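Engineer: Here the protein sequences come in this chain order: A and B.
The numbering of the first sequence is the numbering used here, which starts it at 1 and goes up by one.
The numbering of the second sequence is the numbering used here, which starts it at 304 and goes up by one.
To be clear, the hints were calculated from the coordinates, so they are not data collected in a lab.
All values reported here derive from a predicted model rather than from experimental measurement.
One or more of the hints may lead you astray.
Claimed, not checked - Below are the DSS-like pairs computed for lysine-lysine, each with C-alpha atoms no more than 27 Å apart in a straight line:
1. A:K156 / A:K215
2. B:K522 / A:K156
3. B:K344 / A:K156
4. B:K404 / B:K317
5. B:K404 / B:K393
6. B:K578 / A:K77
7. B:K522 / B:K393
8. B:K317 / B:K522
9. A:K107 / B:K317
For reference, the chains in residue letters:
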Amino acid sequence: MLCSLPFLERGMKNNRFVSIVLIPSFLFLFVFVVFPVVYGLGISFYDYNPANSQNPFTGLENYRRLIHDEIFWLSVKNTILFCVIAVMLNIVVTLFLAEIISVLPAKWMKTMFRTILFIPCIAPMVGPSMVWKYGIFGTDGGMLNRIAGLFHIAPKNWFLTTWPMLLLIIVYTLWADIGYNVVLFTAGLEGVPKEFDEAAAIDGAGPVRRFLWIKLPLIGRTFAFVAIMTMANYFQMFAQFRVFVANGGRNYSAMVLTNYIYKMSFDSFDMGYASAVAAALFVIVFVVAMIQNKMMRSDWSYE
Amino acid sequence: MEFNLEYGGMIVNKKLFDDSKIAYPETWEDLRKVSQEVSRKNGDIVEMKGFEMMDTDSLICNYLAMILQQGGQYLKDDGSVDFATPEGIKAMEEVLDMYQKGECDLECLTSGEYCFNDVYQDKGYMASVGSWAIGEGSGSYELTYGEDYEYIPVPQYGDEMAFASETGWGIIVPENGANKDAAWEFVKFFSQPENLVQHNIACNQLPPRKSLLDSEEYKEAMPNITFLLDILPSGQWMGPYNTSDMREIFNQMFIDLCQSDSPDVEGALKDASTKITEGCQISYSMN
Chain A
1 MLCSLPFLER
11 GMKNNRFVSI
21 VLIPSFLFLF
31 VFVVFPVVYG
41 LGISFYDYNP
51 ANSQNPFTGL
61 ENYRRLIHDE
71 IFWLSVKNTI
81 LFCVIAVMLN
91 IVVTLFLAEI
101 ISVLPAKWMK
111 TMFRTILFIP
121 CIAPMVGPSM
131 VWKYGIFGTD
141 GGMLNRIAGL
151 FHIAPKNWFL
161 TTWPMLLLII
171 VYTLWADIGY
181 NVVLFTAGLE
191 GVPKEFDEAA
201 AIDGAGPVRR
211 FLWIKLPLIG
221 RTFAFVAIMT
231 MANYFQMFAQ
241 FRVFVANGGR
251 NYSAMVLTNY
261 IYKMSFDSFD
271 MGYASAVAAA
281 LFVIVFVVAM
291 IQNKMMRSDW
301 SYE
Chain B
304 MEFNLEYGGM
314 IVNKKLFDDS
324 KIAYPETWED
334 LRKVSQEVSR
344 KNGDIVEMKG
354 FEMMDTDSLI
364 CNYLAMILQQ
374 GGQYLKDDGS
384 VDFATPEGIK
394 AMEEVLDMYQ
404 KGECDLECLT
414 SGEYCFNDVY
424 QDKGYMASVG
434 SWAIGEGSGS
444 YELTYGEDYE
454 YIPVPQYGDE
464 MAFASETGWG
474 IIVPENGANK
484 DAAWEFVKFF
494 SQPENLVQHN
504 IACNQLPPRK
514 SLLDSEEYKE
524 AMPNITFLLD
534 ILPSGQWMGP
544 YNTSDMREIF
554 NQMFIDLCQS
564 DSPDVEGALK
574 DASTKITEGC
584 QISYSMN
């Protein structure tokens, strides 16, 4: 009993130290995350416009309106479609690139490719979106139409299309965002003990089978982290949608929830309703993250 | 602060007109003729535009003026909107014809840009826009007014001058603002006639008060837009609608009509009228 006292004292000191260190983070989290979320949720029960002197309480009216709002449900469908396709493509492409990079013989080559792929992640999404909007998808002088011109195909206004526009936004998002996941997957693949891979090779497994049946299951934790974070992140993608299709595109075919929230807030000045849409987005992301978390739980270690 | 008029004037590319030895159009028929002569289409793009009015602001403002100039009306007594009148259908068919004949394209409408930029970039001859865009020519494109471009009246479509306009730009002071008294002081200062005129001259805007329309200082400084002052008495308020939402519904309908092989103009106008009446009436922002 006497022996354990110094340990207890040290433990209490450690706890105090940890608490003090955590205070700034918790303060930051409270001021910039918890408070805005709660405040936004509160606004969703009002007919709210900050410029108005009176903002009447409307109870659940904004949520009732959601149920009958066609554009909202179209935005939900587009958001889910975008997330499912973009996240799946992102994971397939980044896994493929990470595997290629991880088997490169020289370290400088690995670093070089990782850096090249990571560069688009450094730039804020708005800048490259503008470049792509006018420079690549642009009707007059855009790269796509210039290439089409080489084959004597007349220029096309891509912004008049429905699903192709959403597809182009997915392509842009992949370009802008794959670097981050490539780095994570490369780290995960390099953490897999070489013995497993070598043993499978001796048993006669080819590179594809070794990747699918040995490496992929062993990077389960990295995979789960990447899948959950990318999905949550893609549900909140906004800048490229605002730049490419501010009004949601032809017949709202590329309208997503984040853009709809912005549009309702700052075009229609209907911030109470926009907050209700934001609350719906929060619930969707939360539910999807919970499902993913349950599905991808892994209880093992290399030992 | 300023009266917002998106109808009545157009930026013209003087150099293109001079090089083609074409005079500025003075009637609607002239305008369409010139527009068809000079335009050049390639796929979805009109590489050289004639008369442009297909952007977020100009399309609906010109269309409403075309209805009113025929003696028609789109605002009903009960406050609802009805574009599917004989005048509304005729005006829409005319606008649609401009697109179908390749005088202009939908690029500005889909990208959210203003048509007048095409004129400043030598990609178009004429673009309908408010007087505020005059300053863009010298400010953003370093062009010279009178040499490279000019601002002239849009020939009217119908027999009598008429148009609909939104309100304008102003300043609000929230009741719960932290510096309410100081803000009101600023509003008082800004509202002094001499300050308003200076602001309107600097921004190529129309004065917000009737009493300023005869200001000699303004007329002397802005000779190129005084023709807009003459048509102001022929205007009406666009209506008790959120015009951002109204424009969006209208523009989507127009794009659909342009993309349809057999456009049902009357059906589309009826549908848009219902959507605007039901979904765009102002409630919250007038409190």
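Engineer: If any of the earlier hints don't hold here, list their numbers in rising order.
Structural biologist: 1, 2, 7, 9
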